[in-house]
Amino acid sequence: MTTSAQQQSPLLDATGVAKNYGAVAALRNASLSVLPGEVHALMGANGAGKSTLVKILTGAIQANAGRILIRGEARDIRSPAAGRRAGLLPVYQEPSLIPDLDVLSNLRLTGTPVEPFRAWVRELGIADLDLRDTARDIPLAVLRVLDLARALAVEPDVLLLDEMTAALPANLAEKVLEVVRRQGDAGRAVIFISHRFVEISALCDRATVLRDGETVGVVDIVPGVEEKIVELMLGTRIVKTHVAARSAAEKAVSAPARPRIAVKDLRVGTKLNDVSFDLRDGEVAGVVALEGQGQDELFAALAGSIRPSGGTIEVDGNQAKFAHPIDAIRAGIAYVPGDRSEALAMQRSVRENIALPFSAALRNWGPINMRKERDTVLGAIKRLQIDTRAQGEVQRLSGGNQQKVTIARWIAADARTILCFDPTRGIDVGTKQEIYKLLRELAGHGKSVLFYTSELEEVQRVCDRVIVIFGGRLVDIFPVEEADEPALMRAAYGLPRGAKADVGILAAPNASEPGATP
Amino acid sequence: MSTSAITPVPFGRRIKRFMADRPLVPLIILLVILVVILQILRPGIVNERWIANTIKFAIPLAILAGCQTMTMLTGGIDLSVGTVATMSAFIMATQIVNQDPAIAFLLAMMPAVLIGLVNGIGVGVFRVHPLIMTLGTSLIGTGCLQVYQRTVIASGAKIPDFLAWLGTGVTPIVGFAFPNALLLFVPLAALIVFTLARTGFGRLLYAVGDNERATRLSGVQYWQVITALYVTSSVLAGITGLLYIGLIKAPSLSLAEPLVLPSVAAAVIGGTSIFGGRGGYTGTIIGALILTVLTTLLTILQMPEGARRILFGLIVLFVTAAYLRIVEER
Chain Y
1 MTTSAQQQSP
11 LLDATGVAKN
21 YGAVAALRNA
31 SLSVLPGEVH
41 ALMGANGAGK
51 STLVKILTGA
61 IQANAGRILI
71 RGEARDIRSP
81 AAGRRAGLLP
91 VYQEPSLIPD
101 LDVLSNLRLT
111 GTPVEPFRAW
121 VRELGIADLD
131 LRDTARDIPL
141 AVLRVLDLAR
151 ALAVEPDVLL
161 LDEMTAALPA
171 NLAEKVLEVV
181 RRQGDAGRAV
191 IFISHRFVEI
201 SALCDRATVL
211 RDGETVGVVD
221 IVPGVEEKIV
231 ELMLGTRIVK
241 THVAARSAAE
251 KAVSAPARPR
261 IAVKDLRVGT
271 KLNDVSFDLR
281 DGEVAGVVAL
291 EGQGQDELFA
301 ALAGSIRPSG
311 GTIEVDGNQA
321 KFAHPIDAIR
331 AGIAYVPGDR
341 SEALAMQRSV
351 RENIALPFSA
361 ALRNWGPINM
371 RKERDTVLGA
381 IKRLQIDTRA
391 QGEVQRLSGG
401 NQQKVTIARW
411 IAADARTILC
421 FDPTRGIDVG
431 TKQEIYKLLR
441 ELAGHGKSVL
451 FYTSELEEVQ
461 RVCDRVIVIF
471 GGRLVDIFPV
481 EEADEPALMR
491 AAYGLPRGAK
501 ADVGILAAPN
511 ASEPGATP
Chain E
1001 MSTSAITPVP
1011 FGRRIKRFMA
1021 DRPLVPLIIL
1031 LVILVVILQI
1041 LRPGIVNERW
1051 IANTIKFAIP
1061 LAILAGCQTM
1071 TMLTGGIDLS
1081 VGTVATMSAF
1091 IMATQIVNQD
1101 PAIAFLLAMM
1111 PAVLIGLVNG
1121 IGVGVFRVHP
1131 LIMTLGTSLI
1141 GTGCLQVYQR
1151 TVIASGAKIP
1161 DFLAWLGTGV
1171 TPIVGFAFPN
1181 ALLLFVPLAA
1191 LIVFTLARTG
1201 FGRLLYAVGD
1211 NERATRLSGV
1221 QYWQVITALY
1231 VTSSVLAGIT
1241 GLLYIGLIKA
1251 PSLSLAEPLV
1261 LPSVAAAVIG
1271 GTSIFGGRGG
1281 YTGTIIGALI
1291 LTVLTTLLTI
1301 LQMPEGARRI
1311 LFGLIVLFVT
1321 AAYLRIVEER
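Residue numbers (the working numbering), protein chains in the order written: chain Y, 1 to 518; chain E, 1001 to 1330.
If you are wondering where the hints come from, they were derived from the structure by calculation, not from laboratory data.
There may be inaccurate statements among the hints.
[What the hints assert, rightly or not] Chain Y regions said to be covered by chain E (calculated; three or more residues, Cβ under 8 Å):
1) 309–317
2) 333–342
3) 345–352
4) 357–370
[To be verified] Across the chosen pairs, the derived CB separations fall in these ranges:
5) R136(Y) - G1306(E): 40 to 48 Å
6) L1261(E) - G187(Y): 57 to 65 Å
7) Q1149(E) - A81(Y): 54 to 62 Å
8) F1275(E) - G111(Y): 23 to 31 Å
9) S1155(E) - R136(Y): 53 to 61 Å
10) S341(Y) - P1258(E): 38 to 46 Å
11) L101(Y) - A1307(E): 39 to 47 Å
12) L1117(E) - A81(Y): 44 to 52 Å
[What the hints assert, rightly or not] If you want a taste of the chain E side facing chain Y, the calculated C-beta under 7 Å gives, among others:
13) R1198
14) N1211
15) R1216
Bear in mind the structure is a predicted one, so any value in this text is a computation, not a measurement.
Ideal Cβ placement from N, Cα and C applies to all residues, glycine included.
Please take these sequences and the hints and turn them into a complete structure.
Structure (structure tokens):
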């Protein structure tokens, strides 16, 4: 396809696109050319301008400069509706269904035909969707798949997928990739934004690489192109530091008599049943689970956001009852939610966001010691290397920097235990590395971290132990040495460790699906 | 980021950006323009006495608009301020007849604290929408006041001298007549500005209005913030009532009621978002001044009352829309 594509005229051709937010240039000179029938990867580090470019192409925001040709005709896409008419449809990182409406009403709202939608939903691996379900009650991963199905149902010429697989468990992600691949084969085009090289090499024909708001290269996806893309993305600063292997000395620290947190028979409604485990000082315990297996409820219960319906949580040997997150915070337990928009006051500054927990208690409502606060906040900003160019409003930061702010808050507050729920979702490789390093450092300083991740390869980089949850139950706990990706994948599907049957999720997409998908 | 890194931009855009960075500038310009128009229409009207008078009338509005600013920062609104101000004024004027001033003051502030507490608990604990909650307590308060009025009909009312001095008096300082109300207003305004910018409570107001869920995860207890906020708002409204009765000098059952919607308008014109999380008190003060000058302007135009209101409404809409366009152009 790539060879014949050379002669075709592009479906979409954008050149010289620029966008400023006040003094900050989000895009300076971006170009993107997509041929019919191709899956085109759009790549770049955090804040390189990928999301901005997609928003401009689909009419969500207006460019300050640049030219956009669709099928050779200059088009001025002034609104998402105009983008739709031009045949461009996005699926953004955040779910776009209106939470208070049921799925059917959401479809009507956008004039999406129902039957094709249903067919796509089934195709994408969700067998039991009730169109009368209110969007609010549907898990995040499924919502994203519904967004995709909704876009596919109107048969757009160019489909733009922004981190489509980022929050998806492996089983759904696999289906999504398969469907996206077939879009390309059908003569339509897909613009695919992702940080996962595995997906890009399996899926895409070409890649456009952005750096600091500029297109720095367009490459054909051939084996071994990853190095080149990384080089382009990072420019001169090539970073390939793996997290240092944990030294024996570091490991020796973590052998205290009493666990920091002891969870016994924890139960939350029907979602979580009889979960028991310990979290020790100085360790990072990984939680591995497919989407919606009860990990959300586990974290919420530990954070004091919801009340468990049974079981106990002991903190430093004392039984704890959390009625409000403040109770957990007082016990030194901080929660970093997976969804950044849940944790940040978007219109406020970086500083105010980081300092937010300081003002929470009634006795801290008085005058703020600005100097002390600034020092603490700057310390945290420095430690996480937050890009503070647009610090006046957190919403102007890139996703990765926003995520750093949510973590920096608890570094500044010096929390003893941090519950990190998928902190690396949809952020670039460099920032991910920094977060891994930070979590290891925290453990090195005697803190404890509970770390849920939807990317299995992260487990070995960060964790000491792995806790596997499946169907609301804790099915296995094992040391990280045994936690290679196949082992984790098997465990996440609830298969016993040590059995030899081949799961074949990553190896062969068309292999028979395990029966126990949620 | 330094401006030197940016290629030269057209003059118009530069002005826009300048104004977006300093949202007070366009408001002050508007205020000056209004005063100039007034001076052109009625040469000589803008003198020392007029300025003192304008300030006197702007202050009660500005304090009530402060209540709206603070509640609006959390995404709320306080429609009970008019009733609360009226109640405290009316109770003060009737109780002073045969009570010690201090006792009369405490009695006058009681309904303010009570209504603020009920508002706060209703909004913060039972999650009633602030609009409904404060409208409800406002109606209840008005009803109670009517009942109360019958019990004091025999004893009559009078305006305490101190309040008349504070509300209407001026003190000449270096040849300029300063309204005494500034003695109350300047420290109060400074306190509100300081609270919003430099205290934990102020931070929480912004943060709660921006993202309540995020504040909860940071350990903020919503009901505490909201209860404290609505009590503060009500107490400020009560104090405004006392000041206002000193200015108007005629206690009635709807004394401060006409100030309620202008107080919301002043906060909105001043750049406080009604959806929460954005705004400040300095803008609100200028907003209150703008509305006061505008009222004078429309009065001297000698239009029928109806036309005046229509024009007032149109100008408020226009100013707010234009201002938001300027400030949010980033």
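These are the hints, each one checked on the structure:
1. Interface restraint, the region 309–317 of chain Y with chain E: violated (0 residues with C-beta to C-beta distance below 8 Å; minimum three).
2. A stretch counts as covered by a chain when three or more of its residues have a beta carbon under 8 Å from one of that chain; for the region 333–342 of chain Y and chain E the count is 4, and the coverage holds.
3. Note: the region 345–352 of chain Y has 5 residues with beta-carbon separation from chain E under 8 Å; the three-residue rule is met and the coverage holds.
4. Counting residues of the region 357–370 of chain Y whose beta carbon lies closer than 8 Å to any beta carbon of chain E gives 12, which meets the minimum of three for the stated coverage.
5. Look at R136(Y) against G1306(E): about 47 Å separates their beta carbons, and that is inside 40 to 48 Å.
6. Judged by the Cβ atoms, the range 57 to 65 Å given for L1261(E) and G187(Y) holds: they are separated by roughly 60 Å.
7. Q1149(E) and A81(Y) have their C-beta atoms about 58 Å apart, which keeps the hinted 54 to 62 Å range intact.
8. Under the hint 23 to 31 Å, the C-beta atoms of F1275(E) and G111(Y), about 29 Å apart, fit the expected range.
9. The hint said 53 to 61 Å for the Cβ distance between S1155(E) and R136(Y), and at roughly 58 Å that hint holds.
10. A C-beta distance of roughly 41 Å is found between S341(Y) and P1258(E), which places it inside the suggested range of 38 to 46 Å.
11. For L101(Y) and A1307(E), the Cβ-Cβ distance of about 44 Å falls inside the hinted range of 39 to 47 Å, so the restraint holds.
12. The hint said 44 to 52 Å for the Cβ distance between L1117(E) and A81(Y), and at roughly 48 Å that hint holds.
13. At its closest, the beta carbon of R1198(E) sits 6 Å from a beta carbon of chain Y; the interface hint therefore holds under the 7 Å criterion.
14. Hint status for N1211(E): holds, given a least beta-carbon distance of 5 Å to chain Y, under 7 Å.
15. A distance limit of 7 Å between C-beta atoms decides the matter here; for R1216(E) the minimum to chain Y is near 6 Å, and the interface restraint holds.
Checked against the numbered hints above, the structure violates only hint 1.
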